[in-house]
Amino acid sequence: MRLLPRSAANRIAVFAFLAYAGAMLALGAAVFIATHTAFSRQIDTTIEQTTNSLSGEYRDDGIRGLTETLNQLQGPGPVSLGTALFGPDSQRIAGNLKTSMPAEGWQRIVFLDPLEGPDPARAKVTMLPGGYRMVVAADLESLEAIDRTILGIFAAAFASLLLIGLAGAVALAAYLRRRLAGIETTAAAIVAGDLRRRAIVGTAGDEFDRVAASLNAMLDRIAGLIANLRQVTGDLAHDLRTPLSRLRNQLERLSGTTHDADREQLVESAIAQADNVLVLFDAILRISEVEEGSLKRAFGPVSLSDVVTELGETLVPLAEDAGQALDVVSEPNLTVQGDRELLAQAIINLVENALRHTPPGAAIRLNTHAEADGVAVTVQDNGHGIPGEDRMRVQERFVRLEASRATPGHGLGLSLVRAIAEAHGASLTLSDAHPGLLAEIYFPQRMPS
Amino acid sequence: MRILLAEDDDDTRQFVERGLEELGHNVIVAANGEDALHLSLTETVDVIILDRMMPALDGFSVLKRLRAGGIAVPVLMLTALGRIEDRVDGLEAGADDYLVKPFAFSELAARIQALGRRTAPTGVATRLAAGGIEMDLLAREVRRAGQQIQLQPREFRLLEELMRHAGEFVTRTMLLERIWDFHFDPQTKIVETHMSRLRTKLNEGNLPDAIETVRGVGYRLRAV
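Chains P and Z, in that order, are what the protein sequence lines are.
Numbering-wise, the first sequence is residues 1 to 449 according to my numbering.
Numbering-wise, the second sequence is residues 1 to 224 according to my numbering.
Because the hints were derived from the structure by calculation, they are not lab data.
Treat the hints with care, as some may be off.
Taking CB as the label site, the calculated pair distances span [unchecked claim]: (1) ALA145(Z) to ILE271(P): 43 to 51 Å; (2) ALA145(Z) to PRO448(P): 47 to 55 Å; (3) TYR442(P) to LYS64(Z): 37 to 45 Å; (4) VAL267(P) to ALA145(Z): 45 to 53 Å; (5) TYR175(P) to GLU85(Z): 18 to 26 Å; (6) SER196(Z) to ALA363(P): 33 to 41 Å; (7) GLU85(Z) to ILE271(P): 27 to 35 Å; (8) SER196(Z) to ASP306(P): 48 to 56 Å; (9) GLN337(P) to ARG127(Z): 38 to 46 Å.
Residues of chain Z placed beyond 10 Å of chain P at every Cβ, according to the derived structure [what the hints assert, rightly or not]: (10) ARG13; (11) GLU21; (12) GLU85; (13) GLN148; (14) GLN152; (15) PRO153; (16) GLU168; (17) MET174; (18) PRO186; (19) HIS194; (20) ASN203; (21) GLY216.
If you're wondering where the values come from, they're calculated on a predicted model, not measured in any experiment.
All residues carry an ideal CB built from backbone N, CA and C; glycine is no exception.
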């Protein structure tokens, strides 16, 4: 048997209710004890005062005076008092209190009420000189009546408050369950396959609304990733199909060819197709590895000035051979935290992109310079550029614009540049160079060189 | 050369073994890390080819134990495609060279050749001479047939690399690694372009081509 309900909402309600009931009980007990103590103290004070005044009477007027006073003392007081005086021979000689002779000191006695029979009373028994024993007692019935009244009122109040508390707890549990159910049904629907389902976000902006909103944000992100994965898988399959079917055709033709020169050419071509597939895989794996971020542990200071200068020496002849001009400007002493080879690859890809997509005679500028607290590396050309609406799209995997379908490549170059930039905490921006394209990698933090 | 080949994939192992034997090497094989470790401790070999991923004991651990045991035989590590980290880790563990699978056999052959030679002590030469070309590494001067040739820094380094391995094939990726310190394929004609310029300068005046190019294999300085 479980002691607590399985539902957290119910558990919260039970705890809240128990705490509430406990508080009520504690309050009731405190009121009862305080009242009871105050009355008891008042009774004791009255007994004490009466005892003192009667003792004075005995000192002044002797046993006769005391007996007289006792027999007259029947007046009404705040507490109904009774007295008794016992002689040295233990015989009751005065007073209205019908009780047997008690021992000395404060105590609880039982006396015989002429109307109600035996009753409890609070009594003080004082020894008087001459062997007399005086009892002053107060009937406890009034105290008990007060106790009973308080308890009665409290019991009634407690019962009704308990009902209110119970109703509150049930309502609280239902409220919690209802708020959680919204999130739960959304999750269940997602599990069941309805990936577009979202939790309803209330207008209160409370914790539940925030949880629902975060859940929705998470679902949106996952949906985006799934869509991206689907597209990449589709594109990958498409990009693989072409070289693989070519490869297959070549091998088939090879098996039916006996002419040596033809065979050699077919084998070479088949190897080239296989290499093409491997290059594609390498690029995809490289992007994943860079995006994974685990390479960061090997990052160190890299002089972008040196990287750009060296790449200039390496790439200028390539541009010249393509009939284009590459102009390199590198500001000295620009250092960032990163990986030299990855940064070099990103810059090569940008320059290669410019070389590939501009006509002969185009001018390309590779530049690195300080900017605010950071460093910018820019590659600018004066070619046809990329239309504004496509500039974000070309940074995604496998995206190639219609205009460049004829040029070799898998549409992964800019994705890799972006992945490398992001791994370095930098950003890649493509913009219009009027005319041409301006690609900028911006590193927000420069290292002191 | 006597070569220990540790590779768990049967096809790859047989392909590499046959290829190396055709080149005249003596090959002993291991199909898992434990055998590889055992053989490298008991046999005398010139070069070890070690696959990174192997059952029982991976190539990494084999390499670490070899180096910890003071065995300095050159090791070429084979790593899987697309793992930049593996290369860094492999070199840290004491590998002398690495190659990403799948590879062209000619690439492996050229690297094995270079590794085998590495054991021979190489003095600090300041002058190189081969195939009728003289190179002064201190004065940064190059002469062919008595004529001084002006080279750009990258061209000078390319020629130096070819001269140091005169008569042997040096692959495109080896040149990318040694001259540019690039351990990735930049997918541009960096090597081809600079090599072509170097060749034009060397051959000026209708001299016979000093550099031999074999497609899919690499470049070689004609020794004669």
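Hints, verified against the model:
1. ALA145(Z) to ILE271(P): 43 to 51 Å: Taking Cβ atoms as reference, ALA145(Z) and ILE271(P) lie about 38 Å apart, which means the hint is violated.
2. ALA145(Z) to PRO448(P): 47 to 55 Å: holds (52 Å)
3. TYR442(P) to LYS64(Z): 37 to 45 Å: holds (41 Å)
4. VAL267(P) to ALA145(Z): 45 to 53 Å: Roughly 39 Å apart at Cβ, these two residues miss the hinted range, so it is violated.
5. TYR175(P) to GLU85(Z): 18 to 26 Å: Violated, at about 52 Å.
6. SER196(Z) to ALA363(P): 33 to 41 Å: violated (23 Å)
7. GLU85(Z) to ILE271(P): 27 to 35 Å: holds (28 Å)
8. SER196(Z) to ASP306(P): 48 to 56 Å: For SER196(Z) and ASP306(P) the Cβ distance comes to about 26 Å; the hint is violated.
9. GLN337(P) to ARG127(Z): 38 to 46 Å: At 41 Å between Cβs, range holds.
10. ARG13: Answer for ARG13(Z): holds, closest chain P Cβ roughly 20 Å.
11. GLU21: About 21 Å separates GLU21(Z) from the closest Cβ of chain P, which puts it past 10 Å; holds.
12. GLU85: Given that some Cβ of chain P is not farther than 10 Å from that of GLU85(Z), nearest at about 6 Å, it is violated.
13. GLN148: holds (21 Å)
14. GLN152: violated (7 Å)
15. PRO153: The claim is violated: PRO153(Z) sits with its nearest Cβ about 7 Å from chain P, within 10 Å.
16. GLU168: holds (23 Å)
17. MET174: holds (16 Å)
18. PRO186: The claim breaks: PRO186(Z) does not keep its Cβ more than 10 Å from every Cβ of chain P (closest is about 5 Å).
19. HIS194: At roughly 6 Å from the nearest Cβ of chain P, HIS194(Z) sits no farther out than 10 Å, so the non-interface label is violated.
20. ASN203: Since the minimum Cβ distance to chain P is about 17 Å, ASN203(Z) lies beyond 10 Å and the statement holds.
21. GLY216: violated (7 Å)
Violated hints, in rising order: 1, 4, 5, 6, 8, 12, 14, 15, 18, 19 and 21; the structure is consistent with all others.
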